[in-house]
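J.: Following the hints, position chain Y against chain W.
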Amino acid sequence: DTEVTQTPKHLVMGMTNKKSLKCEQHMGHRAMYWYKQKAKKPPELMFVYSYEKLSINESVPSRFSPECPNSSLLNLHLHALQPEDSALYLCASSRTGLATGELFFGEGSRLTVL
Amino acid sequence: KQEVTQIPAALSVPEGENLVLNCSFTDSAIYNLQWFRQDPGKGLTSLLLIQSSQREQTSGRLNASLDKSSGRSTLYIAASQPGDSATYLCAVMNSGGSNYKLTFGKGTLLTVNP
Numbered sequence: 033d034t035e036v037t038q039t040p041k042h043l044v045m046g047m048t049n050k051k052s053l054k055c056e057q058h059m060g061h062r063a064m065y066w067y068k069q070k071a072k073k074p075p076e077l078m079f080v081y082s083y084e085k086l087s088i089n090e091s092v093p094s095r096f097s098p099e100c101p102n103s104s105l106l107n108l109h110l111h112a113l114q115p116e117d118s119a120l121y122l123c124a125s126s127r128t129g130l131a132t133g134e135l136f137f138g139e140g141s142r143l144t145v146l
Numbered sequence: 337k338q339e340v341t342q343i344p345a346a347l348s349v350p351e352g353e354n355l356v357l358n359c360s361f362t363d364s365a366i367y368n369l370q371w372f373r374q375d376p377g378k379g380l381t382s383l384l385l386i387q388s389s390q391r392e393q394t395s396g397r398l399n400a401s402l403d404k405s406s407g408r409s410t411l412y413i414a415a416s417q418p419g420d421s422a423t424y425l426c427a428v429m430n431s432g433g434s435n436y437k438l439t440f441g442k443g444t445l446l447t448v449n450p
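Protein sequences appear in the order of chains W and Y.
Just so you know, we're using the numbering used here here: the first sequence kicks off at 33 and counts up by one.
Just so you know, we're using the numbering used here here: the second sequence kicks off at 337 and counts up by one.
Isolated chain Y, as found in the complex:
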């Protein structure tokens, strides 16, 4: 059974700082890994999708890396802004026979202070 762990559970940084969020998973037989952002009481916004054959993806100030063999992914946020404050979730897609399941971590609550 896939287990996804995100460290730290919460992070508070001053504005302008670069930061790294970590995600680890126990079963490396994944199809892809996706990073999401969730604001309080809202839905999930997809940030980056990394296929299992890829090592990293970039979008603006965000960079996500994937090391499938070690079961790790990181989300790097450059020059953080107060608007980046949210919960960040990583999710991995495994196959289970003919079914596919997305397993989420519990998230990292990020607060960027002005």
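Same shape as in the complex, but just chain W:
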């Protein structure tokens, strides 16, 4: 099983809503990542969890709040977002942590903020 599963695939929310994106992997990987991708741009790193601890936060606004309940799950809690936050949010995982691991990505959650 080499899958990273993301839900929901599509999400539409208003600026006052609170919602969450979920990511799951059952490959025993110990690092998990959130990336944001705008149209026709490369993915941008948001957060990295290594061994369930937040390792990297790329100066992401506090309206995005990551959570890693266990080694298989990664959530991204969304609150008071802006229309410019509309993007494809990609989750990824890697086996050995950060340096040498091949990254496996999910299919993404397409977020639209109205």
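None of these hints come from the bench; they were simulated from the model.
Built from N, CA and C at the ideal position, the CB exists for glycine as well.
Watch out, some of these pointers could steer you wrong.
Stated by the list, open to error - Lysine-lysine pairs mimicking DSSO-like chemistry, simulated, CA-CA at most 27 Å apart:
1) Y:Lys442 with W:Lys50
2) Y:Lys442 with W:Lys70
3) Y:Lys378 with W:Lys50
4) Y:Lys437 with W:Lys70
5) Y:Lys437 with W:Lys85
6) Y:Lys442 with W:Lys41
7) W:Lys41 with Y:Lys337
8) Y:Lys378 with W:Lys51
9) Y:Lys337 with W:Lys72
10) W:Lys68 with Y:Lys442
11) W:Lys85 with Y:Lys337
Unchecked claim - Derived list of chain Y stretches under chain W, where covered just means 3 residues or more per stretch with a C-beta under 8 Å from a C-beta of chain W:
12) 375 to 381
13) 437 to 443
T.: What follows is chain Y alone, placed relative to chain W:
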């Protein structure tokens, strides 16, 4: 700061042609380089991972090379097929103290015409 450049930005070829996609990076102190494929609106699919100590990797019709000293990688696709049409992204993993960051190029949009 690592910068990754992919040339060309877009490429259109007839079916059956062999082709080369190019990736260059400014900081040669990398741990690995990974090639991905992305279909429109979808997540990233890992194609090949080359560790910094390796010169090339092969998978089916794909061959990726790495010349770390000159800061270059190429992805060779043999006997291209319409199903190969996608955006191809290369990404390099650098170390930044205790943090590790994957830097993406902007991608090459490949169209293989039947």
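J.: What hints, given by number in increasing order, does this structure fail?
T.: Of the numbered hints, 1, 7 do not hold.
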